[in-house]
Every structure is written in structure tokens, then in C-alpha cells.
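Participant: Sequences and hints are given; from them, build the entire structure.
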Amino acid sequence: MVDMKEQKFLTVAPFECAWQEEFKFKEAGRGCVAFEAFARNDVTVVFRENVGSQHYHYKTDSSPHYTVILGSHRNRRLKIEVNGKTVVDEEGVGLCSLGAFQSYWISIYDGLICVGKGRYPFQNVVFQWLDSNPISNVQYVGLSSWDKHVGYRNVNVLPLTQNHISLWKQLDLRACNEEEENEEVEEHVSDDEKWSLANFLENWELSDVVFVVGMEERPVPAHKIILATAGKFQFGSDDVVELRQVCYPTLHALLQYIYTGQTRIPESQLSPLKELSIHFEVTPLTKQCEECIERFKLNKRLFDSGQNVEICYPNWQSVHPTVFPGGLPISGSRLKQFYLAGDYSDVEIRVGDYSFVVCSHKIIIGLWSVPFMKMFTNGMSESISSKVHLREVSAEAFKTMLDYMYSGELSMEELKENQSLLLHVLLLADRFDIRLLQQECCKILLEFLSEGWSPLMEAGQTTSVFLISQVYWTRKREL
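Numbering (UniProt numbering), first residue to last: 1 to 479.
Honestly, I wouldn't trust all of these hints.
Using C-beta positions, here's what the derived DEER-type ranges look like [said to hold, decoys possible]:
hint, residue 1, residue 2, range
1, Lys297, Lys232, 27 to 33 Å
2, Glu275, Glu414, 43 to 49 Å
3, Cys312, Asn83, 56 to 62 Å
4, Glu216, Asn137, 30 to 36 Å
5, Cys247, Asp353, 51 to 57 Å
6, Cys312, Ala341, 28 to 34 Å
7, Glu242, Glu291, 26 to 32 Å
List time: in silico SDA-like cross-link candidates among lysine to any residue, alpha-carbon distance up to 25 Å [said to hold, decoys possible]:
hint, residue 1, residue 2
8, Lys24, Glu49
9, Lys336, Met375
10, Lys85, Phe15
11, Lys79, Asp61
12, Lys117, Trp19
13, Lys117, His389
14, Lys24, Asn154
15, Lys117, Val87
16, Lys232, Ile311
17, Lys387, Glu348
18, Lys224, Cys247
19, Lys274, Lys287
20, Lys224, Leu160
21, Lys336, Gly326
22, Lys224, Ala198
23, Lys85, Asp110
24, Lys274, Phe235
25, Lys24, Trp146
26, Lys26, Pro14
27, Lys443, Gly408
In case anyone wonders, no lab produced these hints; they're calculated from the structure. If you're wondering where the values come from, they're calculated on a predicted model, not measured in any experiment. We put the CB at the ideal spot given by N, CA and C, even for glycine.
Facilitator: Rendered as C-alpha cells:
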């Protein structure tokens, strides 16, 4: 099944292929396709004369065609096939990434096939091959998969020109238009009052597990660390959870409850939702479903009324949405446990001179810090790599900040023993725009100053701390 969202993102199910009329070279045998892909392996792009079907597969195609496979052989090789025959099989080239979307481009010019990584065609070429007997009529581009779901987005089919700059400008112009269309989304991301885990509900960004739901095999992305802190989910080696006997609305309600703290479903879906919550041990939801079912039994007039039932995690509305995981059915103690053990981590952060190395979770850090989220999702090197190196950062201050992200608390004893650490944490919180941490640091600093703590009075730190505090409070009043 090919699932499309807003015509900009599509998911290709195993052994299927996506074709669109606009995925077509203007000149047969000459063109370029630039795209972003999210997959464990086998990002497969087919070039042929005519549009294929949804269930098209290059292995059974008898007509002339080229096939480029990025991340073949369990993400170990790059392959190029001509009419089903392998002509290129290179190790460690053009591999895929399951941690984030990755940019690729493939061009064909009279049999010369070039493959590259990055947004701009003809930069960062990773491989090229010349067909001595070129297929001159290939014109349509098919986006396919092998045995795993593949997510594609920002697909652009471009004409080849002598001037690469003009080609890049076309991409930039299209990107500009998309940015204007998504302006409200960008504002939403930059608004601390609204930015929350709800933004990641069924979102492919930073997802590392996929549910395959119902007989139609609908793919639904999720995040292991979030699921593991809300219940008990078993993740296979291929990071796919098969739920063929579950209908999509039931799974959606479960995930919505976990990611937002509330959901709304028809009365008829209460029992299936309860059974699913029992299966994954999302205990708060199970109890609330049971309470709703009992309420319907006591008031028989509600039966078959078609009434929707709203289920809310206790106190979900009363808790500030940015205080993660407040107001959500997520275990804070379990989250700390996974953090300390490095379970389900998808990023290794190295600080300064490597004196501090920690395994963490991009989605947790991104929930607290929009700058970090943009770093992990906008195509920077950090969005592709599972390793991040933060230079010129205090290891002790970063650890304190990270501990706060996973607990929502600062250790007063530690800060009283080392008050200069508090200043470094405040500066770090300002750098990464973690406003709640800034607020906490400023309160503690002003409290220390009022109590006349001697370490803060030395080396002229009083003036620095006071000014920093004032800058923060002035900034907060202006927002």
C-alpha cells in the first residue's frame, strides 16, 4: 500500500512501487530525481519508459529499465541493475538511515548513471557508472521498496542542464514555496506553549519502529522510548510490530492517548481499545476503558447512541504541556531507568574533549529544545549520524542539563556545592533555548544571591549573574 500525506510524503509498503505522473523526465533518457528517504535498507528507484502499477516489481519487469538500490543486502551495498541483471554491486556506498530522513539524488544522461548524497545534484557524488548500450527511452521514475517499508518525501524530478547552479535554484525555489506553505507549522514549532510530544504522533521524524496494522497493512510510525515508558512493547529485530488483527482507529486511539494524554473514540471501539491496552500493558488506559464500559452498562440509554467517548489521562490539562512527561501516561521512573542504562538510545553525544560520552534519545532532547530538534531533523550532519560532538561545552554542565531533561528537576545539593556550575547550566540552557531550565536556574541564582553565598560573591560573578538574570526575565516579559 502506498500511503500519501499532503502529496509531499509517501510510504511505500514492501514489494510495492509508487508512480506519479509528475515523476517523469522532460526528455527521455535524460533527467535527475532528488529526494529524501527514510528506511532500514533497500531504497529502490526504478527508471522505465512507462508508468508501472502499484504492485510493479522490477524483478518481474520484462521491458527495458534501470534499477538503483541504495542499501542493498541489509544496508551494506549499492546495486545498479539493467533489465534485471546486476551490473554494479559496491560495498558501503550510498547507505540508508533509519534514524532520520537522508537526501539522495540520481541522474541519468545517455546511459551515464550518477548517484549522490545531499540535497544538491552533482555534489557529493558517491558512484557513477556508464552503460555502453544505454536505454534511451527511460522517462518515468518509480519509488519502490524490498521487504521493509520505505518513506519518501520532497521528491523532485528535474531536467538536466549544463548549468548546475540553475538546477539547484529550482530546488531552492521549490523549497521556498514549501516553506511558505508550511509557515504555520514552523511557527508552531517555535512556540514553546504548543510544542509537545503531540507533534510526533504518527510522525516519521525520529521514529524507530513501525506498526503494520490491519489486513491492509497500513504502516504507522512510532518511537520506542515513548512506547517503552508507557507500557510493555516487544520490538523485533526488524523494528516492525505486526498487528494484522487490529484496525487502524484502535491503534490510533492508543497512540494518541500515549502521545497526547487524551483520545476520543466511538463507544463501539471501547472494548477493542481496552484489549489492545491490556496487550501492551498501558495500565491507565485499561482502567479508564473499563470505567467507561461500566458507565455505559449502568446507563443503557447510552448504548448504540453513536456517542463518542473522550478518555483523558488524569490531570492532563492542568499540567503545562512543555513539562515532559507531565500530563502523559508515561512513567518518569522508567524514563530515568532507560536513560541511565542507555536503552533504546539513538544518539551518542560526546562533549568537549570526550570527557563525557552519553547515550541518549533524540526525541527526548528535542522535546525540550527546539534548536536540538532542528539539528536532528533539518538535514544537518547530526540528523544523519548517530553520533554528535558538542565542542566548547562544559561536560559537567551538559550532564546536569541532560539529567534535568529526563527528570524535570535540578539537584539543589549539587548546585550548592558547586555554584559556578549553575551559571554554566544557565548559559547552556540559554544556548539551547530550554526556557523552563533557564527559569529554574535564574530563580536559584537569585536565591543564592539573596542568601549571600560566598562563592558567588567572588571573582566578580555577582554582576554577571545579576545581568544574566535580568536579561532572562526581560526576555520572558517580552514573549
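Participant: If a hint holds in the structure, say so; if it does not, say that too.
Facilitator: Results for each hint:
About 28 Å separates the C-beta atoms of Lys297 and Lys232, a value consistent with the hinted range of 27 to 33 Å. Here the CB-CB span from Glu275 to Glu414 is close to 46 Å, well matched to the stated 43 to 49 Å. A hinted range of 56 to 62 Å holds for the C-beta pair Cys312 and Asn83, which are about 58 Å apart. In this structure the supplied range 30 to 36 Å holds for Glu216 paired with Asn137, their Cβ-Cβ distance being about 35 Å.
Hint check: Cys247 to Asp353, Cβ distance near 53 Å, so the stated range 51 to 57 Å holds. Roughly 31 Å separates the CB atoms of Cys312 and Ala341, a value that falls within the hinted 28 to 34 Å. Range check, Glu242 to Glu291: Cβ separation about 30 Å, and the 26 to 32 Å hint holds. Among the hinted pairs, Lys24 with Glu49 is consistent with the structure: their alpha-carbon atoms are about 9 Å apart, no more than 25 Å.
Taken as a hint, the Lys336 and Met375 pair is honoured in the structure, with Cα atoms around 24 Å apart against an allowance of 25 Å. Annotation: proposed proximity of Lys85 to Phe15 holds, straight-line Cα distance about 18 Å (limit 25 Å). Between Lys79 and Asp61, the direct Cα distance comes to roughly 17 Å. Compliance with the 25 Å bound is thereby established for this hinted pair. Straight-line distance between C-alpha atoms of Lys117 and Trp19 comes to about 22 Å, which keeps the hinted pair within the 25 Å bound.
For the given pair, Lys117 sits about 22 Å from His389 by alpha-carbon distance, which is consistent with the 25 Å threshold. Between Lys24 and Asn154 the alpha-carbon distance is near 15 Å, which keeps this suggested pair within the 25 Å criterion. For a cut-off of 25 Å, the pair hint linking Lys117 to Val87 stands: about 21 Å separates their Cα positions. With a CA separation close to 20 Å, the supplied pair Lys232 and Ile311 stays within the 25 Å bound.
Distance check on the hinted pair: Lys387 and Glu348 sit about 5 Å apart at the alpha-carbon level, within 25 Å; holds. As the CA atoms of Lys224 and Cys247 are separated by approximately 21 Å, the hinted pair is consistent with the 25 Å bound. Between the alpha carbons of Lys274 and Lys287 the distance comes to roughly 8 Å, so the proposed pair stays at or under 25 Å and holds. A distance of roughly 42 Å separates the Cα atoms of Lys224 and Leu160; the hinted pair therefore is violated under the 25 Å criterion.
The hinted pair formed by Lys336 and Gly326 meets the criterion: a straight-line CA distance of about 14 Å does not exceed 25 Å. Using a Cα cut-off of 25 Å, the hinted pair Lys224 and Ala198 holds, with the two alpha carbons roughly 15 Å apart. This hinted pair checks out: Lys85 and Asp110 have alpha carbons roughly 19 Å apart, not beyond 25 Å. Distance restraint check for Lys274 and Phe235: the Cα-Cα separation of roughly 21 Å lies within the 25 Å cut-off, and the hinted pair is therefore satisfied.
The straight-line distance between the Cα atoms of Lys24 and Trp146 is roughly 22 Å, inside the 25 Å bound, and the hint therefore holds. With a C-alpha separation of about 29 Å, the suggested pairing of Lys26 with Pro14 is violated against the 25 Å cut-off. A distance of roughly 15 Å separates the Cα atoms of Lys443 and Gly408; the hinted pair therefore holds under the 25 Å criterion.
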